[in-house]
Amino acid sequence: MSKTYERREFLADLVKFPCATLLLGVSGPIKALASAGNEYQASEHNYAMGVQIEKCIGCGKCVEACKIENDVPMEPYYFRTWVERYIIYTDGEVSVDSPNGGINGFPPVESDKDILRTFFVPKLCNHCENPPCVQVCPVGATFKSQDGVVLVDDDYCIGCRYCIQACPYGARFLDPRTHTAGKCTFCYHRITEGLLPACVEICPTQARIFGELDKLSTPLNRMMRQSNIQVLKAHMNTEPKVFYSDLDGEVR
Amino acid sequence: MNPAHQAQLEAALQQVTGFIYPNEAELHWSILVVIYPYITGLVAGAFILASLEKVFKVKDLQPTYRLALLTALAFVFVAPIPLQAHLGHPERAFEIFLTPNPSSAMAMFGFVYAWYLMVVLLLEIWFEFREDMVRWRQQSRGLKKLFYWLISLGSRDVSPGAVAFDHKAVYAITILGIPSAFLLHGYVGFIFGSVKANPFWSSVLMPIVFLFSAIVSGISLVLILYYITTLLRRKTLDQKCLNALAAFLFYALIIDLSLESLDFIHRLYESEESIEILAELIFSKLFISLAIVQILLGTIGPLLLLAFALFTGLPNELKRLAFFIAAIFVQVGIFSTRWNVVIGGQLFSKSFRGLTAYKLELGGQEGLLTALGLLILPFIILYVLLKLFPPWDDARTDTKPTEG
Chain S
1 MSKTYERREF LADLVKFPCA TLLLGVSGPI KALASAGNEY QASEHNYAMG
51 VQIEKCIGCG KCVEACKIEN DVPMEPYYFR TWVERYIIYT DGEVSVDSPN
101 GGINGFPPVE SDKDILRTFF VPKLCNHCEN PPCVQVCPVG ATFKSQDGVV
151 LVDDDYCIGC RYCIQACPYG ARFLDPRTHT AGKCTFCYHR ITEGLLPACV
201 EICPTQARIF GELDKLSTPL NRMMRQSNIQ VLKAHMNTEP KVFYSDLDGE
251 VR
Chain U
253 MNPAHQAQLE AALQQVTGFI YPNEAELHWS ILVVIYPYIT GLVAGAFILA
303 SLEKVFKVKD LQPTYRLALL TALAFVFVAP IPLQAHLGHP ERAFEIFLTP
353 NPSSAMAMFG FVYAWYLMVV LLLEIWFEFR EDMVRWRQQS RGLKKLFYWL
403 ISLGSRDVSP GAVAFDHKAV YAITILGIPS AFLLHGYVGF IFGSVKANPF
453 WSSVLMPIVF LFSAIVSGIS LVLILYYITT LLRRKTLDQK CLNALAAFLF
503 YALIIDLSLE SLDFIHRLYE SEESIEILAE LIFSKLFISL AIVQILLGTI
553 GPLLLLAFAL FTGLPNELKR LAFFIAAIFV QVGIFSTRWN VVIGGQLFSK
603 SFRGLTAYKL ELGGQEGLLT ALGLLILPFI ILYVLLKLFP PWDDARTDTK
653 PTEG
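Those protein sequence lines, which keep their order, are chains S and U.
Per the working numbering, residue 1 is the first one in the first sequence, and the count goes up by one each step.
Per the working numbering, residue 253 is the first one in the second sequence, and the count goes up by one each step.
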């Protein structure tokens, strides 16, 4: 027995089909629109880091977190970030150390001399605005990304090490496994997903502040407004983008 | 990871004095990078010596003209090998040609090198030897005949007009070649002199100092080679030629020493932030290689010896011996100069708070044996070149063809 197509059903379908078709048709662009909001746009960012010297306790957790997160060789000759300890004695003598990059903290001071002041200085690539390492790379394997991060293309680096010579901060090394230049990337794989660099995330005293340089209402900018800001080796005109608050003149 | 390399780094870390940045335990430019400027210096120096005869008409130097050209060629073939061997990824070296970064001093190496080898040296040598190549082809048989035919590009015209054109071409290429030789080695100096992060290297004088030390090294090498090859061939040394070589070596040494002194005094007088660590470096780790070998044995000693031999009435035989000994010491001094620049420039921390160490390995890709091999290789190439293209005047006259 065949069922006849009732007028009521026909009218109902007349409404249903176009709606379904419309929904199907629009869902693609809607999805695209929705994801466009989340897709990473490098040109919209300009990253930098602030380091508050007075907050660093030299625990070395940042060094450890960096090595684990970025698979940096554990041997004590390869660091994307490290911590230096400065001890300034009353007689003016300055002593600096960074045993194994400070990854296990620091041993007690053994000198009997009177100490004027001590402090820790976390160091990393300064992601210079005017990076000498990028200038000298013969093949353009090291470059400054649109979001202001200095990166190395491992598949392109020829391992000539000119960039290591050109960096005034000792921030680069030659990775013994890949034979290419290694350095801090501000944890590029994390920051492009909206996360913080590992060293910033783990710091127990929030001595490191990561953020946007060009946006006013960020913790980084607040720190830069409220502190006395210095950069390392300013006379080199590399325009570093790691900003230190209350940095001592002895630090190089 | 290479365990030997790790052990070496551990040993280096033990020898650190003061504070260095943790990444500075590894010294990055090894003995191979010392050899590179040493060899290019010899190339540029030998070529400039050759051009003295051609362009500046120093006729006394004529016996060494062709020898100097072939020496430059033998060494220029080897010049890029140490660089290539030193790369972490030698197989990617061609990227320097394909996608050079225009802001990089190093990226220009391939072009400067190719220009010098192809346009200057090979072309000049080809025109200089063309007439002889045609004759050697006529006189030889089998493979050798084929070789001369190929290498002379099938050329067979030895008419006075064609030979006159050869001479003109050689003259023109030499004129182009002098600034090119200056470029080749001045450029090497620039690679170091432009590194602002390194106060030991960073100096506007660096290319000029490199250049004059190159001239010194080239003249002394040709002097040594002329001396040895002539004795081995049981011919007599041309005293006028040796006197001229020694005189040019003497004057070039004076300019070289003056420039080095100017650099030294300038640094001392300006006394910048780095002066203390550089002074410590020079008086500790570099004392023997810089003060003793480079300056005393490699510069002042030969200067005194040359002055004594040139300007006193020494018998010719003693004179020649004095020139030869002075030239040997100059070579040792120049190698030391390259060592002090390249290795010395990496022995202090950029924190200016400590010194590191360099331990030369015996074997391995960047070891002493590789280095020695690379230093011997140009002499082997030169031996082959001298066999194929005898640069001696007697080789030319002895083999005059019977037909025109």
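If you are wondering where the hints come from, they were derived from the structure by calculation, not from laboratory data.
Any given hint could turn out to be false.
[As the list claims (entries may be wrong)] Subject to a maximum C-alpha distance of 30 Å in a straight line, what follows is the list of computed DSS-like cross-link-like pairs (lysine-lysine):
id: 1; chain 1: U; residue 1: Lys420; chain 2: U; residue 2: Lys639
id: 2; chain 1: S; residue 1: Lys67; chain 2: U; residue 2: Lys311
id: 3; chain 1: S; residue 1: Lys233; chain 2: U; residue 2: Lys448
id: 4; chain 1: S; residue 1: Lys233; chain 2: S; residue 2: Lys215
id: 5; chain 1: S; residue 1: Lys144; chain 2: U; residue 2: Lys448
id: 6; chain 1: S; residue 1: Lys233; chain 2: S; residue 2: Lys61
id: 7; chain 1: U; residue 1: Lys611; chain 2: U; residue 2: Lys309
id: 8; chain 1: U; residue 1: Lys448; chain 2: U; residue 2: Lys311
id: 9; chain 1: U; residue 1: Lys309; chain 2: U; residue 2: Lys396
[Claimed, not checked] To spell it out: a stretch of chain S is covered by chain U in this simulated footprint if at least three of its residues, at any positions, have a beta carbon under 8 Å from a beta carbon of chain U; those stretches are:
id: 10; region: 76-89
id: 11; region: 107-115
id: 12; region: 127-138
id: 13; region: 156-162
Yeah, the Cβ is synthetic: ideal placement off N, Cα and C, and Gly gets one too.
Practice problem: Given the hint that Lys448/U pairs with Lys311/U, test it: the Cα-Cα distance must not exceed 30 Å. | Solution: violated (44 Å)
Quiz item: Does Lys396/U lie within 30 Å of Lys309/U when you go C-alpha to C-alpha?
Solution: violated (34 Å)
Quiz prompt | 30 Å Cα cutoff - pair Lys233/S, Lys61/S | solution = With Cα atoms ~26 Å apart, Lys233/S and Lys61/S stay inside 30 Å; holds.
Quiz item: Within a Cα-Cα threshold of 30 Å, do Lys420/U and Lys639/U meet the stated pairing?
Solution: Judged against 30 Å, a Cα distance of about 26 Å means the pair holds.
Self-check item: Coverage of the region 107-115 of chain S by chain U (three or more Cβ within 8 Å)
Solution: Answer violated; 0 residues pass the 8 Å Cβ test.
Quiz item: Holds or violated: are the alpha carbons of Lys233/S and Lys448/U at most 30 Å from each other?
Solution: OK: Lys233/S and Lys448/U at ~11 Å, within 30 Å.
Quiz item: Per the coverage rule (Cβ-Cβ under 8 Å, at least three residues), is the region 156-162 of chain S covered by chain U?
Solution: With 7 residues in contact (Cβ-Cβ under 8 Å with chain U), the coverage given for the region 156-162 of chain S holds.
Quiz item: Holds or violated: Lys233/S with Lys215/S, Cα cutoff 30 Å?
Solution: Satisfied, since the Cα-Cα distance of roughly 25 Å is no more than 30 Å.
Quiz item: Is the hinted pair Lys611/U and Lys309/U satisfied, with a Cα-Cα distance of at most 30 Å?
Solution: Violated, at about 47 Å.
Quiz item: Does the alpha-carbon distance linking Lys144/S and Lys448/U stay inside the 30 Å limit?
Solution: Roughly 19 Å separates the two Cα atoms, so the pair holds.
Quiz prompt | chain U covers the region 127-138 of chain S, three or more CB atoms within 8 Å, holds or violated | solution = holds (count 6)
Quiz item: Are the Cα atoms of Lys67/S and Lys311/U separated by 30 Å or less?
Solution: Violated, at about 67 Å.
Consistency note: the structure conflicts with the earlier hints numbered 2, 7, 8, 9 and 11.
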